[in-house]
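Novice: Quick mapping for you: the protein sequence lines, in order, are chains A and B.
Going by this note's numbering, the first sequence opens with residue 2, and the numbers climb by one from there.
Going by this note's numbering, the second sequence opens with residue 484, and the numbers climb by one from there.
Just so you know, these hints were derived from the structure itself, not from any lab.
One thing to keep in mind: the hints can contain errors.
As the list claims (entries may be wrong) - Only pairs whose alpha carbons sit at most 20 Å apart, straight line, appear in this in silico SDA-like list of lysine to any residue:
(1) B:K539 with A:N101
(2) B:K585 with A:V61
(3) B:K509 with A:Q56
(4) B:K585 with A:S87
(5) B:K585 with A:I57
(6) B:K590 with A:A40
(7) B:K590 with A:E107
(8) B:K509 with A:A41
(9) B:K539 with A:F89
(10) B:K585 with A:L48
(11) B:K590 with A:I57
(12) B:K509 with A:Q46
(13) B:K553 with B:N505
(14) B:K590 with A:A41
(15) B:K590 with A:F89
(16) B:K585 with A:E60
(17) B:K590 with A:S87
(18) B:K509 with A:G53
(19) B:K509 with A:F89
(20) B:K585 with A:G100
(21) B:K585 with A:N101
(22) B:K585 with A:G98
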Amino acid sequence: SQTIHQWPATLVQPVGSPLSLECTVEGTSNPNLYWYRQAAGRGLQLLFYSVGIGQISSEVPQNLSASRPQDRQFILSSKKLLLSDSGFYLCAWDQRGPGNTIYFGEGSWLTVV
Amino acid sequence: SQQGEEDPQALSIQEGENATMNCSYKTSINNLQWYRQNSGRGLVHLILIRSNEREKHSGRLRVTLDTSKKSSSLLITASRAADTASYFCATDPGDSGGSNYKLTFGKGTLLTVNP
């Protein structure tokens, strides 16, 4: 069966510090991978998605970047965090094809202080 | 732009009662999906209904889709305290070339089921 792991679960970082959130998927190959951000009481905002190794698409301009160094690994990064980067970050995957279910990780709570 | 909009924003019911949540959207869709999120956790897929379907069932869940009104409803029958969560609808326009990158989520309905 497929599983998705996302870490760390929570972190508190000072403004200006770097960020690295990691996500790995097991039990599948060539998945589409996604990073979402969820602000309190809001829906999900897609930040990045990837359809293959090294292929990253950004949906919104921001202080963050993403990388996909391996087929089932997706990393969300920042060189210098801003207060506005605080939020709940969710990694997700799905299998190629129309109308497939998207599966989410457990999320990472980021507080920038 | 926000595609799916859930209504109500919050719903509080007693155990055993039915809970109905609605979702409205603005543009044409290929499918509509409902997700559940427990507080502080990831989202879990509940059910997907395609644009050519009108109703789907899964256990205690019943989803309807009215493409003429651009709306969907999620009915949870005989609710339990464990159903307490936020419920999101997500719309897929279907022209994203085999991915979900155009999947747009609403802001959710917070359902509280009191024991």
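Novice: Against this structure, judge whether each hint is valid.
Specialist: Each hint, compared with the structure:
At most 20 Å may separate the alpha-carbon atoms for a hinted pair to count; K539 of chain B and N101 of chain A meet this at roughly 16 Å. At most 20 Å may separate the alpha-carbon atoms for a hinted pair to count; K585 of chain B and V61 of chain A meet this at roughly 13 Å. Simply put, K509 of chain B and Q56 of chain A have alpha-carbon atoms about 30 Å apart, too far for the 20 Å limit, and the pair is violated. Restraint check: the Cα-Cα separation between K585 of chain B and S87 of chain A comes to about 24 Å, which exceeds 20 Å; the hinted pair is violated.
As the CA atoms of K585 of chain B and I57 of chain A are separated by approximately 15 Å, the hinted pair is consistent with the 20 Å bound. Under the criterion of a C-alpha separation no larger than 20 Å, the hint pairing K590 of chain B with A40 of chain A is consistent with the structure, at around 10 Å. Taking the CA atoms of K590 of chain B and E107 of chain A, the gap is near 18 Å; set against the 20 Å cutoff, the hint holds. A threshold of 20 Å between alpha carbons decides the hint, and for K509 of chain B with A41 of chain A the separation of about 24 Å lies outside it, so the pair is violated.
For the suggested pair K539 of chain B and F89 of chain A, the alpha carbons sit about 31 Å apart, so the restraint of at most 20 Å is broken. Proposed proximity of K585 of chain B and L48 of chain A is supported: the alpha carbons are some 11 Å apart, at most 20 Å. A hinted pair counts as satisfied when its Cα atoms are at most 20 Å apart, and K590 of chain B with I57 of chain A does not qualify at roughly 26 Å. The straight-line distance between the Cα atoms of K509 of chain B and Q46 of chain A is roughly 18 Å, inside the 20 Å bound, and the hint therefore holds.
Pair hint K553 of chain B plus N505 of chain B holds up; C-alpha atoms about 11 Å apart against a cutoff of 20 Å. Of the supplied pair hints, the one linking K590 of chain B and A41 of chain A holds, its CA atoms being roughly 10 Å apart against a limit of 20 Å. The straight-line distance between the Cα atoms of K590 of chain B and F89 of chain A is roughly 14 Å, inside the 20 Å bound, and the hint therefore holds. Between K585 of chain B and E60 of chain A the CA atoms are separated by roughly 10 Å; this keeps the pair inside 20 Å, and the hint holds.
A threshold of 20 Å between alpha carbons decides the hint, and for K590 of chain B with S87 of chain A the separation of about 18 Å falls inside it, so the pair holds. For the proposed pair K509 of chain B and G53 of chain A, the alpha carbon gap of about 31 Å is over 20 Å, so the pair is violated. Distance check on the hinted pair: K509 of chain B and F89 of chain A sit about 27 Å apart at the alpha-carbon level, beyond 20 Å; violated. For a cut-off of 20 Å, the pair hint linking K585 of chain B to G100 of chain A stands: about 11 Å separates their Cα positions.
Taken as a hint, the K585 of chain B and N101 of chain A pair is honoured in the structure, with Cα atoms around 12 Å apart against an allowance of 20 Å. With a C-alpha separation of about 13 Å, the suggested pairing of K585 of chain B with G98 of chain A holds against the 20 Å cut-off.
Hint violations for this structure: numbers 3, 4, 8, 9, 11, 18 and 19, all remaining hints satisfied.
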